[in-house]
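Visitor: These are the residues of each chain, in order.
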Amino acid sequence: MAEDAVALWDAVLARGIVPCGLGARDTLRLEVCYPLHGNDIGPDTDPISAGLGWTCALDKEFTGVEMLRQVKEQGPARRLVAFVMEERAIPRHGMPIAGGGEVTSGSHSPMLDVGIGMGYVPAAQAAPGTGLTIDVRGKPRAARVVKKPIYKREG
Amino acid sequence: MAAAESYPDDLKYHREHDWARVEGDEAVLGVTWFAADSLGELVHFEPPAVGATVTKDESYGEVESVKAVSDLVAPVSGEVLAVNQAVIDAPETVNEDPYGEGWLIRIRLSDPSEVDSLLDVAAYRQVLAEQ
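From first to last, the protein sequence lines stand for chains A and B.
Heads up: the first sequence begins at 1 in this note's numbering, then just goes up one per residue.
Heads up: the second sequence begins at 1 in this note's numbering, then just goes up one per residue.
Don't take every hint at face value.
What the hints assert, rightly or not - Only part of the chain A face toward chain B is listed, based on derived beta-carbon distances under 7 angstroms:
| id | residue |
| --- | --- |
| 1 | G23 |
| 2 | I90 |
| 3 | S107 |
| 4 | H108 |
Said to hold, decoys possible - 25 angstroms max Cα-Cα, derived DSS-like pairs, lysine-lysine:
| id | chain 1 | residue 1 | chain 2 | residue 2 |
| --- | --- | --- | --- | --- |
| 5 | A | K72 | A | K147 |
| 6 | A | K152 | B | K56 |
| 7 | A | K139 | B | K56 |
| 8 | A | K60 | A | K72 |
| 9 | A | K72 | A | K148 |
| 10 | B | K67 | A | K152 |
| 11 | B | K67 | A | K148 |
Stated by the list, open to error - With the Cβ distance kept under 7 angstroms, some of the chain B side facing chain A (calculated, not the full set):
| id | residue |
| --- | --- |
| 12 | V43 |
| 13 | H44 |
| 14 | V66 |
| 15 | K67 |
| 16 | D71 |
Hints listed in this document are in silico derivations from the structure and should not be mistaken for laboratory results.
The beta-carbon is built from N, C-alpha and C at its ideal position, and this holds for glycine as well.
Generate coordinates for the entire structure from the input sequences, incorporating the hints supplied.
Guide: As structure tokens, then:
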């Protein structure tokens, strides 16, 4: 049982497996724009604004459906967008985006070798190609909204 | 490839894991193997501007890995003469060669007597032993 954990782990490694932790997993999910609960979505967000409307059957009745229909009908005030840094900097969770937005996830993309992230911005700033300015610990850094996913392996 | 652990005995050390190589009235600054290893592979170096002033015991820039950001603490005060563009372009150079190609900035010392307050390698190893 528990006392066998080390032996099991060593046996797995001996097969040539490379350990992979949460940091690696986080860059993978962020490159493909999978939202992380607690960062990008949570009790204070709604699926329409997060771009997850496809998961909601608004023609059915369920708790909260009226609010979601209203958001959909009026159009969300803010949207969860993906962005790529245009200057050398790594965006991080909680950094302000000029114009009233906020970074919800950010990291360095190993595949693209640039800073990438997701965050909520006012709907007027949400179109791909829109320039964003992110406050990286007091320094304004340029980014650009991109279409999701940020990175997708060919083939 | 990350470098093997080492702490050259010709350097002066600061307990925040920064080193200084004093050359006359100038010094080259960087971070120690311990700092680089603790952070993991560096992916960003935020340098000060050439001509800026750095102050002993205060932050003069940042290095960042995928998981963490760390302030760079100046072991001595002075004016920035040069920043290492090779590290800006390839921050992992610090992990590969923390005391050589991975140097960060060169400064002109404003108060050379500050060097006396720095740790020698034996004293720095003592700091590491207490971590």
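Visitor: Each of the hints needs a verdict: does it hold here or not?
Guide: Against the structure, the hints:
no., hint, in the structure
1, G23, "holds, 5 angstroms"
2, I90, "holds, 5 angstroms"
3, S107, "holds, 6 angstroms"
4, H108, "holds, 4 angstroms"
5, K72/A to K147/A, "holds, 20 angstroms"
6, K152/A to K56/B, "violated, 45 angstroms"
7, K139/A to K56/B, "holds, 22 angstroms"
8, K60/A to K72/A, "holds, 14 angstroms"
9, K72/A to K148/A, "holds, 20 angstroms"
10, K67/B to K152/A, "holds, 22 angstroms"
11, K67/B to K148/A, "holds, 23 angstroms"
12, V43, "holds, 4 angstroms"
13, H44, "holds, 5 angstroms"
14, V66, "holds, 5 angstroms"
15, K67, "holds, 5 angstroms"
16, D71, "violated, 10 angstroms"
Hints 6, 16, counting from the list given before, are not met by this structure.
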